[in-house]
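Enquirer: One letter stands for each residue in the lines below.
There are 2 protein chains.
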Amino acid sequence: MSPLTLLYTPASPFARKVRMAALERRIKLELLDTHVSPILSNPELAKVNPLVKVPVLISPDGPIYDNRVICRYLDRLGEGPSLYASEVAERWSIATLEALSDGVMDAAVLLRYELGVRPEELRWKQWVDIQFSRILGVLEQVEKITDSLVGLHIGSLGLAAALSYLDFRHPALPWRENHPRLSAWLADFEEHEIMKNTRYPQV
Amino acid sequence: MSPLTLLYTPASPFARKVRMAALERRIKLELLDTHVSPILSNPELAKVNPLVKVPVLISPDGPIYDNRVICRYLDRLGEGPSLYASEVAERWSIATLEALSDGVMDAAVLLRYELGVRPEELRWKQWVDIQFSRILGVLEQVEKITDSLVGLHIGSLGLAAALSYLDFRHPALPWRENHPRLSAWLADFEEHEIMKNTRYPQV
Chain P
-12 MSPLTLLYTP ASPFARKVRM AALERRIKLE LLDTHVSPIL SNPELAKVNP
38 LVKVPVLISP DGPIYDNRVI CRYLDRLGEG PSLYASEVAE RWSIATLEAL
88 SDGVMDAAVL LRYELGVRPE ELRWKQWVDI QFSRILGVLE QVEKITDSLV
138 GLHIGSLGLA AALSYLDFRH PALPWRENHP RLSAWLADFE EHEIMKNTRY
188 PQV
Chain L
-12 MSPLTLLYTP ASPFARKVRM AALERRIKLE LLDTHVSPIL SNPELAKVNP
38 LVKVPVLISP DGPIYDNRVI CRYLDRLGEG PSLYASEVAE RWSIATLEAL
88 SDGVMDAAVL LRYELGVRPE ELRWKQWVDI QFSRILGVLE QVEKITDSLV
138 GLHIGSLGLA AALSYLDFRH PALPWRENHP RLSAWLADFE EHEIMKNTRY
188 PQV
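Note that the protein sequences, when read in sequence, are chains P and L. All residue numbers for the first sequence refer to the working numbering, where the first residue is -12 and numbers rise by one. All residue numbers for the second sequence refer to the working numbering, where the first residue is -12 and numbers rise by one.
Bear in mind the hints are in silico, worked out from the structure with no lab data behind them. Take every hint as true, because none was put in to throw you off.
Since the list can't tell identical chains apart, any single copy or any two copies may satisfy a pair.
Here are the computed lysine to aspartate or glutamate pairs in the EDC-like style, where the Cα-Cα straight-line distance is at most 20 Å: (1) K34 <-> E130; (2) K112 <-> E101; (3) K131 <-> E31; (4) K34 <-> D116; (5) K131 <-> E77; (6) K131 <-> D48; (7) K34 <-> E127; (8) K34 <-> D20.
Note that the structure is a prediction, hence the values are computed from the model and not measured.
Sequences and hints are given; from them, build the entire structure.
Expert: Next up, the structure:
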């Protein structure tokens, strides 16, 4: 197999999800650290993905993105059971859990830009508040889920990448208080090697 | 088959893509118009999707989102050839075109919020400029594509929803000037019934 190179940043939750999926599928990725910013260009990255976002997989089939497309690509290449469920009912609950997790990551990254990059005098409190409330709304719903949190699949990988990103970038958000099951779930999940080997950087 | 209800807004490009996919697959959707805003809640919508985004498909398998998951769901239900290619090479070029189109829609919706909803004194010109430049970067790349623009599939549906959304929400963006092939492609694509029957509202 030709080597696969992943353009990523260690702080990207979307890239972490892809790295976890690759480890779980026993696929070796060459990791190439790059940089992304909401206000700067990155000509090297733009050459392969004009959206200038990570992750991007450089593959024999050309540059592949975004995170969801890469995960499906890796799922076809690797070994062992698929990360996508085969049972119809399970398939859609896992796909929708993945969408919820991607949505939490989207909101959390936008909040990071708003609160950490945008000049302070241009921040919009009303928008910030509603984004955090939506993230907590997702956690409230996921707290009640029983079936689709079990096992290693694209939904649980995404959720773990999303929750741990909240801890990394928004440590003041008290999400554990009202979500004891999720909190215990993440603590267990953190013990997997695919989590230990893809940690966000120390801040 | 149980009736399927789509929660949507007429102005959402993501919902338009789903409506186009349903028409192409000959699947009847009940359309339920709702409202979304970056700074307001919508308790009815939040009950089915805590991210408070459209589109959401109310299905016998539960609420299904986001747009990509719904399109895959409809693809399994409907008639005729799949919207997802079967050839390996084609599959990934179409999937990446879908990701580019979703990325253009994401950026264009965020720009709409920044320029149309966020108080004027809180706008961030540097961020606005780079988002528009990324959208144009995508168009520059897609202008060179020859193969994956042919035919009705999830990539071309997404691209048409994205480009027509630029015309709808950002009519001052002179994207046609440097993209004659894309411009001609969209003019042809607009003749499909699936486009005529899903138009954005008049502004």
